[in-house]
Each structure stands twice: as structure tokens, then as C-alpha cells.
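J.: Heads up: the protein sequence lines correspond to chains A and B, in order.
Take the first sequence: its letter number 88 is residue 87 in numbering that gives the first Met the number 0, and every next letter is one higher.
Take the second sequence: its letter number 546 is residue 545 in numbering that gives the first Met the number 0, and every next letter is one higher.
Any given hint could be a false lead.
[Stated by the list, open to error] Coverage of chain B stretches by chain A, computed from C-beta distances (three or more under 8 Å per stretch; other residues unrestricted):
1. 51-59
2. 234-246
3. 414-427
[As the list claims (entries may be wrong)] Far from chain A, by Cβ distances over 10 Å, these chain B residues were calculated:
4. GLY85
5. SER98
6. ASP100
7. VAL146
8. LEU215
9. ASP253
10. LEU268
11. GLN292
12. GLN474
No wet-lab data here; the hints were simulated from the structure.
Because the structure is a prediction, the values reported are computed rather than measured.
From the three backbone atoms N, C-alpha and C, an ideal C-beta is built for every residue, glycine too.
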Amino acid sequence: MYWNYLVKRLAISIITFFIAACIIFLLLRTMPGDFVSNLVLSFGNTLPQETVEAFYRANGLDRPLHAQLVTFFSGAFTFNTGTSFLYGVPAGGLIADRIGWTLLLLIPAAVFSLFIGVLLGVWSSWKQGSGTDSSLLAFMMAVRAIPSYWWGTMAILFFAFLIPFFPLGGYTSLTVLDSGLSIQDVLWHAALPVVVLTLVGIPGTYYLMRNSMIHTLQEDYILFARARGLPETRVVRHAFRCALLPVITMSALQIAGLIMGSVFVETVFSWPGVGLLTTEALQNRDLPVLEAIFLLDTVAIIVANLVVDLSYPLLDPRVKRYGE
Amino acid sequence: MRKPLLVALVAIVCIIIVLVSLLHGTGILSASTTKVQSSQGASLEDYVVLPVDSPSSLITGNIMTQKGAPTGSLIYEGLVTKGRTGDYTGWLADSWESSGDGSTWTFHLVRNARWHDGVPFTSEDVKFTHDYMKANNLPMAFVLSDVESVECPDQYTAVFRLSHPYPVFPDRLAQSPGIGVYPAHIFKDVSDPASWVDPDPIGTGPFVFQDREPGLFRMQANPSYHGEESEIAGVILKVVSGIDNQVLALKKGDIDAVSSLPAAVGMSLANEENIKVYTIPDTTGYELAFNTQVYPADNPLFRKAISHAVDRDRISTLLGYARPNPTTFLIPGVAGDFVNPDITGLYGYNIPLAEELLHDAGFGKDASGSLIGPDGKAVELTMPLGGKGAIGGADEKIVTIFREDLARLGIGLKTVAYDNEKEYRKAMSTAPVFIDAMPSGLHDDPDDLVNFAYTPLGDENYYRYHNPGYDALAQDVRNTTDRESRKETGYLMQEILARDIPTVPICSTDTVAAYRTDRFRGWEEAVDANGVVDMRVLTVIRPVDASS
Numbered sequence: 000m001y002w003n004y005l006v007k008r009l010a011i012s013i014i015t016f017f018i019a020a021c022i023i024f025l026l027l028r029t030m031p032g033d034f035v036s037n038l039v040l041s042f043g044n045t046l047p048q049e050t051v052e053a054f055y056r057a058n059g060l061d062r063p064l065h066a067q068l069v070t071f072f073s074g075a076f077t078f079n080t081g082t083s084f085l086y087g088v089p090a091g092g093l094i095a096d097r098i099g100w101t102l103l104l105l106i107p108a109a110v111f112s113l114f115i116g117v118l119l120g121v122w123s124s125w126k127q128g129s130g131t132d133s134s135l136l137a138f139m140m141a142v143r144a145i146p147s148y149w150w151g152t153m154a155i156l157f158f159a160f161l162i163p164f165f166p167l168g169g170y171t172s173l174t175v176l177d178s179g180l181s182i183q184d185v186l187w188h189a190a191l192p193v194v195v196l197t198l199v200g201i202p203g204t205y206y207l208m209r210n211s212m213i214h215t216l217q218e219d220y221i222l223f224a225r226a227r228g229l230p231e232t233r234v235v236r237h238a239f240r241c242a243l244l245p246v247i248t249m250s251a252l253q254i255a256g257l258i259m260g261s262v263f264v265e266t267v268f269s270w271p272g273v274g275l276l277t278t279e280a281l282q283n284r285d286l287p288v289l290e291a292i293f294l295l296d297t298v299a300i301i302v303a304n305l306v307v308d309l310s311y312p313l314l315d316p317r318v319k320r321y322g323e
Numbered sequence: 000m001r002k003p004l005l006v007a008l009v010a011i012v013c014i015i016i017v018l019v020s021l022l023h024g025t026g027i028l029s030a031s032t033t034k035v036q037s038s039q040g041a042s043l044e045d046y047v048v049l050p051v052d053s054p055s056s057l058i059t060g061n062i063m064t065q066k067g068a069p070t071g072s073l074i075y076e077g078l079v080t081k082g083r084t085g086d087y088t089g090w091l092a093d094s095w096e097s098s099g100d101g102s103t104w105t106f107h108l109v110r111n112a113r114w115h116d117g118v119p120f121t122s123e124d125v126k127f128t129h130d131y132m133k134a135n136n137l138p139m140a141f142v143l144s145d146v147e148s149v150e151c152p153d154q155y156t157a158v159f160r161l162s163h164p165y166p167v168f169p170d171r172l173a174q175s176p177g178i179g180v181y182p183a184h185i186f187k188d189v190s191d192p193a194s195w196v197d198p199d200p201i202g203t204g205p206f207v208f209q210d211r212e213p214g215l216f217r218m219q220a221n222p223s224y225h226g227e228e229s230e231i232a233g234v235i236l237k238v239v240s241g242i243d244n245q246v247l248a249l250k251k252g253d254i255d256a257v258s259s260l261p262a263a264v265g266m267s268l269a270n271e272e273n274i275k276v277y278t279i280p281d282t283t284g285y286e287l288a289f290n291t292q293v294y295p296a297d298n299p300l301f302r303k304a305i306s307h308a309v310d311r312d313r314i315s316t317l318l319g320y321a322r323p324n325p326t327t328f329l330i331p332g333v334a335g336d337f338v339n340p341d342i343t344g345l346y347g348y349n350i351p352l353a354e355e356l357l358h359d360a361g362f363g364k365d366a367s368g369s370l371i372g373p374d375g376k377a378v379e380l381t382m383p384l385g386g387k388g389a390i391g392g393a394d395e396k397i398v399t400i401f402r403e404d405l406a407r408l409g410i411g412l413k414t415v416a417y418d419n420e421k422e423y424r425k426a427m428s429t430a431p432v433f434i435d436a437m438p439s440g441l442h443d444d445p446d447d448l449v450n451f452a453y454t455p456l457g458d459e460n461y462y463r464y465h466n467p468g469y470d471a472l473a474q475d476v477r478n479t480t481d482r483e484s485r486k487e488t489g490y491l492m493q494e495i496l497a498r499d500i501p502t503v504p505i506c507s508t509d510t511v512a513a514y515r516t517d518r519f520r521g522w523e524e525a526v527d528a529n530g531v532v533d534m535r536v537l538t539v540i541r542p543v544d545a546s547s
């Protein structure tokens with residue numbers, strides 16, 4: 000049964016990827032503006048039509064849409080979306096050079112925000128109705144409402160400039176040019192961006208964990224456990240296991256939020272990751288790079304959802320039994 | 000219970016393997032590699048550190064696919080560069096002359112220039128650059144679109160044969176955006192320049208590529224430079240996104256200078272310790288432009304009335320580091336005696352006169368004070384905002400003042416913002432009035448007045464302004480190389496513009512820059528530069544003397 004479920008989920012994931020790729024393709028081609036016109040109009044010059052046509056021909060943009068779609072799909076599965084208009088290098092290679100830097104921020108932020116969000120959510124639910132709970136709720140609402148780039152800007156202003164404890168931005172000091180990369184230096188530069196990304200990732204997990212715990216704590220078996228005289232800490236531990244399951248599901252969607260958050264955070268901190276690349280590619284209508292980035296984001300979210308779906312029966316025996 | 004644990008363990012191992020592979024690409028796992036210092040033994044402290052906005056400004060790919068003037072790259076040079084008062088300075092060209100009609104230009108090249116790998120620079124490189132860019136349909140080849148062929152009668156002479164007379168052809172090569180000369184011996188073996196990554200950019204300029212890391216690009220001073228050698232060890236370009244971060248980096252000492260500051264930021268830095276603010280005057284010109292085929296701007300008296308409703312003094316004060324431009328189109332600070340003195344001050348701010356002219360044009364006010372046109376409808380203008388005029392929010396500031404004055408005339412004003420250049424240009428073609436901004440390099444010569452005629456490409460001008468007499472004068476100015484004749488023709492063209500008013504000049508603004516006074520000095524001495532990442536600046540600045 001489990002293997003049938005696995006095959007079915009894989010098939011659905013592939014179909015989802017296909018549909019998402021079509022949407023990416025169409026959206027990017029209907030976006031106003033194009034690279035070469037923007038480039039030369041920015042100099043206040045009129046662009047000769049033959050230059051525009053030559054650019055379109057060289058990049059296959061003069062072909063019918065369906066022909067471009069076929070080319071797009073033939074490269075989509077290998078992330079070969081062509082050469083970046085702006086950088087003049089293969090878009091896939093460009094992203095491969097930068098994805099590591101993005102993961103350096105995303106993974107710690109994802110882990111920390113999940114951990115802290117879960118802990119705070121459990122605590123808040125345990126203290127439901129108290130001043131602590133209300134304060135935490137209000138704080139999380141404020142954090143959630145304020146965009147990540149504001150948090151990033153404030154972090155730079157307070158902790159890198161007014162109190163110059165951290166660097167202003169970038170991924171390393173200039174010493175990299177003479178002495179090569181230093182892991183300590185990179186981690187020092189990554190600290191503030193990771194803190195900001197973690198901060199913006201906590202509220203979602205916190206809300207879900209809190210609400211899930213409150214709901215679980217109202218179950219009959221919890222009442223029974225309390226009636227039997229179990230210590231409150233053990234009661235909470237029992238409730239925690241059940242309440243955690245929705246949070247695990249949501250963590251896959253959190254990845255999507257963190258990827259978008261990293262676009263702003265990387266731009267604010269001049270971090271050389273995929274986020275900064277996305278900002279630049281959008282501003283310059285660099286289609287091959289945008290296609291590759293959005294395909295990568297799509298794959299990341301699909302894989303995350305797939306992993307969660309497949310691990311659910313392993314985590315919750317009830318799901319596995321009902322499936323059988 | 001063992002199965003879930005086993006699955007979890009396998010998943011963790013897989014994730015670690017994937018992560019290590021991905022992080023390997025960053026180089027972080029091969030950290031602490033000892034690198035080679037510059038041959039002159041300079042330390043990082045001796046380098047000038049300047050910010051760039053994005054990684055794409057750091058010669059990614061190769062120079063043939065990059066945008067921008069040769070002065071900006073620091074490694075490559077062009078044949079000539081142009082000063083702010085219209086004088087040309089030779090870089091790779093010693094001297095130059097044209098045929099009587101300006102259709103053939105002969106450049107005599109410097110004889111002691113070498114590429115950074117030691118290969119001598121010759122006229123073959125000039126010819127190669129032209130032929131190669133066109134053969135490969137590279138986007139920047141449009142700069143050479145007027146050139147039919149380049150010939151090399153000898154190693155140090157390059158002859159450009161143009162498709163039509165072009166008396167200011169050096170202007171084309173020098174700025175907005177200008178074009179460099181690139182090494183034939185490197186690119187002749189590159190069959191696909193659009194996707195070739197140059198591992199070691201080789202130019203003739205005063206700075207030599209040294210090394211790079213993501214977000215950093217280091218160049219050292221060229222000890223064998225054919226021109227004036229730099230007094231600094233070199234330059235490091237560092238990616239610092241956003242002007243706010245650049246200002247913080249300047250204050251903290253992470254970078255040495257920054258340019259293109261908003262006026263308010265420039266003013267706020269005036270009292271900062273160890274920071275000096277200076278301006279590069281008249282770098283951008285703003286105009287209120289009319290679409291002369293769209294109602295109500297198709298009425299010459301309406302345009303004349305509006306020309307008296309532009310409060311240049313207030314607008315200049317609001318923009319900051321700006322000064323009113325009282326003439327037609329050419330900016331006095333850079334155009335010099337090309338500006339016709341007889342048409343200065345014709346568009347004085349005078350609301351009563353504007354009302355009178357509107358009345359003469361057949362417009363009148365109703366009981367509520369709204370201006371009613373000859374068609375019986377209330378006059379309301381829709382103005383697109385975007386393009387170069389939107390940089391720093393200049394167009395919105397101009398509109399803030401302009402809207403008040405239009406309201407006094409009973410005219411409503413709506414604005415629509417466009418963040419895309421192409422869409423903005425499309426909106427301009429149907430709007431009766433819009434704000435446009437051009438770099439001063441496009442406001443400094445009678446040749447720039449051709450913007451009001453049919454362009455050499457046969458395209459209509461932005462203003463949809465048609466005047467056969469004006470077009471004929473535009474042809475004359477394009478076919479005349481004599482400076483005095485060009486000036487006289489330019490005067491006549493300006494008289495016509497002053498009469499027909501396809502555009503109303505508003506003001507010119509300065510570029511605001513700031514630098515740290517405790518590191519390097521001489522930034523303000525480069526009077527011809529347009530910013531800080533500019534060869535003309537970096538070849539004159541020098542370290543602050545410890546004793547000074």
C-alpha cells in the first residue's frame with residue numbers, strides 16, 4: 000500500500016512540476032519589457048530595430064511560442080535554460096555557483112525558526128490566556144506584519160553600524176582576496192542575515208504550534224491523563240507529539256516563505272546568493288536566469304511537500320492504518 | 000520503531016551529501032588558501048575600495064557583452080573621451096581629423112600602448128572591435144551603427160568610413176554610452192562571445208585585472224600604462240546593494256567614496272566627520288516635454304501658456320543640487336557658447352501671462368474654476384512617470400510643484416507610474432505632456448538638437464514635432480564640421496524651438512558624491528568625471544599624506 004502511495008505521489012509531483020513550469024514560462028514571457036530594449040533605452044538612445052531583431056534571433060525569442068515552450072521543456076529537467084542575457088554565462092551555472100551561499104542562510108534559518116517557533120508555540124499554549132501568551136501573540140503579529148527587508152535594514156543599522164558588532168554586509172571581508180576564504184569570517188558575515196531570516200520564519204510555526212497544541216490539549220485522552228493524575232509536563236509531552244504533525248506539514252510551505260524572504264534579505268545584506276540574483280534578473284528581465292530560478296524554487300517546494308507526504312504515514316500510525 | 004529511525008538516518012545522510020556538494024561550489028570548504036599578493040607588494044589598505052550596485056557590474060562573462068562607457072571599466076579604454084565642457088581627450092587616440100563633410104574620420108593612435116599581457120596595441124584592434132561586434136550581432140554594436148567600415152592604412156592609423164556625415168562622431172565613441180577597443184589576439188579565437196567567460200580581462204587601461212571573488216573585483220595599477228599612471232596601488236570594486244548601505248559603508252570606512260547620492264542624503268553628510276561631499280554640476284537635464292500631436296498640446300498657444308507655468312526656482316529647490324535652466328534644451332553649464340543668448344529667459348514663470356495665453360488659445364474657466372477647452376470639456380492631463388526622470392523620484396517632485404500651478408490655471412493632472420522603460424516610452428507616445436531627463440552629454444552640442452527632427456534611423460522624435468524648416472537645419476548641422484557654422488545653425492534651430500515650444504526646459508541637476516577625507520584625496524580634481532568609478536578620477540587621486 001505504501002509503495003502504491005509513493006508512486007501515486009511521485010506521479011502527481013511530476014504533473015505539478017509540469018503545470019508550474021508552463022505557468023512560469025507564460026508569465027515570464029508576458030511580463031512587460033525585455034532585456035535589450037531596457038538596456039539601450041537606459042542610455043537614452045533609440046535602438047536600431049535590426050539590433051533588437053538580432054538579439055531575439057540569437058536567443059530564440061523570435062520563434063513561435065509553442066516552439067519556445069518545447070525548447071524550454073527540453074532544458075527544464077536539466078536546468079539548462081540558456082545563457083544569461085546580463086552575465087553572459089549559462090544560467091544554470093550561475094545558479095549553481097550561488098545556491099550554496101543561499102543554503103548557508105536558508106538551512107540554519109529554517110532549522111532555528113522551526114525549533115524556536117515550536118518551543119514558543121508550546122509554551123504559549125501551555126500559558127494560554129495569560130499575559131505571557133498575549134504578549135507573545137502580539138509580538139509575533141508585529142514580526143509577521145513587518146517585511147523582512149525592514150528587519151534586515153534595522154539589523155544593519157543597529158548591530159552593524161550604531162553598535163558595530165557585525166559586518167555591514169557581504170559574505171566576507173576583503174582579506175579573502177589575499178588569504179582566501181575563512182570559515183569564521185563567512186559565519187560572522189552570515190550571522191545577521193540568518194538571524195533576520197530566522198526571525199521572519201518564526202511566527203508561522205509559532206501560530207500553528209500554539210493552535211495545534213490548544214486543540215490537542217482539549218482532547219478527551221488529555222483530560223483522562225490529567226484525571227489519572229499525570230504531571231502536567233508529561234501531559235504536555237503527550238499532546239506535543241500529536242500537535243507536532245500539522246507543523247511538520249506546514250514546514251514544507253515554510254520553505255517557500257523562506258526562499259522569498261531570502262530574496263529581500265540577500266539584497267539588503269549584499270549576500271551573493273540566488274536571492275540577490277533574482278532581484279537583479281527581475282530588474283533586467285534576464286529570462287534564462289529567471290526561468291532557472293523559478294524552476295528551482297518549484298522543485299524545492301514540490302520535493303519538500305513530497306518528503307512531508309511520504310513521511311507522514313511513518314510518523315503517524317493512524318494515517319498508515321487508515322490508508323491500509 | 001527501527002524502520003522510521005533507519006529512514007530518518009538515511010535521509011539525514013543524503014541531505015548532508017547534497018549540502019556538502021552544494022557548499023563545495025561556494026569554495027567555503029576549501030577555505031584558508033594562501034593567495035598571491037600583488038607584484039608591487041601592496042596591502043589591502045593601499046587599494047581604493049568603491050561600491051557597485053550589483054554583481055553584474057563586475058565584468059561577468061566578457062567585456063564584449065557588457066554595457067557602459069569605457070571609462071567605467073577601468074581596464075579597457077576607448078579612442079577618445081569627452082570633457083564636461085565639450086573638449087575631447089585622446090585615450091588610445093593621439094589625434095584625429097575628419098573629412099570636410101564629417102563622413103570619414105581618421106584616428107592616429109598612441110604608439111606606446113600595450114595590452115596587459117604585453118602584446119602591442121595597433122589599429123588592427125580597432126578594426127577588429129568594429130568587425131567582430133557587428134559580425135556577432137552584439138547589443139553594444141549599435142554604438143557603431145553609423146560606421147560602414149574601418150580601415151588600417153598603417154599600424155597606428157584607423158580610418159572610420161561612416162554611412163552619413165557625422166561631425167560629432169567622436170561624441171558617439173566617447174559617451175552615452177561610448178565604446179571601448181578590445182584585444183583582437185584574445186577574441187579572434189572566441190566563436191561565441193555571448194556565452195564566453197573571460198577568466199582574465201586584458202585591456203590597455205590604467206588598471207590591470209588582479210583577481211576576483213563573488214562580490215569583489217580587484218585591479219592593480221598598470222605600471223606600464225601608456226598615459227598618466229595612477230598614484231594608487233589599485234582599486235577594489237565591492238558589491239554593496241542600495242544607496243543606503245553604501246552610505247553606511249562610507250561612514251563606517253568600508254568604502255572610500257560613493258556617487259549618485261540623493262540630494263537629501265548628500266546634505267545630511269555635509270557635517271559628517273572625515274567625509275566630504277562634492278557635486279559634479281549639470282549632469283542631468285530635465286524638461287517638460289509635449290506630444291505636439293495630442294490635444295491639448297497640439298495647440299502652440301497652449302504649449303506657450305504652460306511654458307510660463309513651470310516654477311523652475313521652486314522645483315530646483317525641491318530637487319536639491321539643481322539650477323533652473325532658462326533656455327531651450329541645451330544646458331548652459333556644458334553647452335557653453337552653443338546656447339543662443341537671444342532666447343534665454345523666454346519661459347519666465349508667470350501665471351497671469353499663462354492665463355492670458357490660454358484665453359487667446361480658446362480656453363476659458365467655468366464657474367468652478369476648471370479650465371474648459373475649445374471642445375467644451377474640462378482640461379485634464381494624464382502624465383506618465385518613469386524612465387530616467389524617475390531616478391531618485393525627480394519626476395514626482397517636479398509634478399508636486401507643477402500640479403499646484405496647473406490647478407491655478409484650472410487644469411487637472413493625473414499621473415501614472417511605469418517601472419518598465421519600454422512601457423513608459425509607449426505611454427509617452429500618447430500622453431500630451433511628460434517629463435523627460437537626459438544626461439548632460441545629450442544636451443551639450445547643436446547635434447543634440449537633432450532630437451527634435453526625424454532621427455537618422457527614420458524614426459519619429461519623442462515630441463512628434465514636425466517642422467520641415469527645422470529638419471533641413473538638422474541636416475545642415477549634421478553635415479557641417481566647422482564649429483562656427485554649426486553654432487550659427489544651432490542658434491537658428493533654438494529660435495525655432497523657442498517659437499514652437501515642443502519642450503520646456505526645467506532645470507539641470509548635479510551628481511552628488513562623497514568621499515572619506517582620511518584615505519585618499521583629489522577626488523574633486525577630476526572635473527570631467529561623472530562619478531567615482533571612473534578612470535578620470537582614479538588616475539588623479541592619491542593617498543592622503545600622513546603629514547598633511
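J.: Would you mind marking each hint as holding or not holding in the structure?
T.: Right, here's what the structure says about each hint:
Three residues within the 8 Å Cβ limit are the bar, and the region 51-59 of chain B against chain A gives 4, so the coverage statement holds. Using a Cβ-Cβ cut-off of 8 Å, 8 residues of the region 234-246 of chain B lie near chain A, which meets the minimum of three, so the contact claim holds. Counting residues of the region 414-427 of chain B whose CB lies closer than 8 Å to any CB of chain A gives 5, so the stated coverage by that chain holds, three being the minimum. Against chain A, the non-interface label of GLY85 (chain B) holds: every CB pair exceeds 10 Å, the least being about 18 Å.
At roughly 24 Å from the closest C-beta of chain A, the C-beta of SER98 (chain B) stays outside 10 Å, upholding its exclusion from the interface. At the 10 Å boundary, the C-beta of ASP100 (chain B) stays outside the reach of chain A, the nearest C-beta of that chain being 23 Å off. With a closest Cβ-Cβ approach of about 13 Å to chain A, VAL146 (chain B) is found to remain outside the 10 Å limit, as its non-interface label requires. A beta-carbon of chain A comes within 10 Å of the beta-carbon of LEU215 (chain B); the shortest separation is about 6 Å.
Separation of ASP253 (chain B) from chain A is inadequate, the least Cβ-Cβ distance of about 6 Å not exceeding the 10 Å criterion. Under the 10 Å C-beta cut-off, the non-interface status given to LEU268 (chain B) relative to chain A holds; the minimum distance is some 14 Å. Non-interface status of GLN292 (chain B) relative to chain A is upheld: no Cβ of that chain comes within 10 Å, the nearest being about 18 Å off. Residue-level check passed: GLN474 (chain B) sits 18 Å from the nearest beta carbon of chain A, beyond 10 Å.
Hint violations for this structure: numbers 8 and 9, all remaining hints satisfied.
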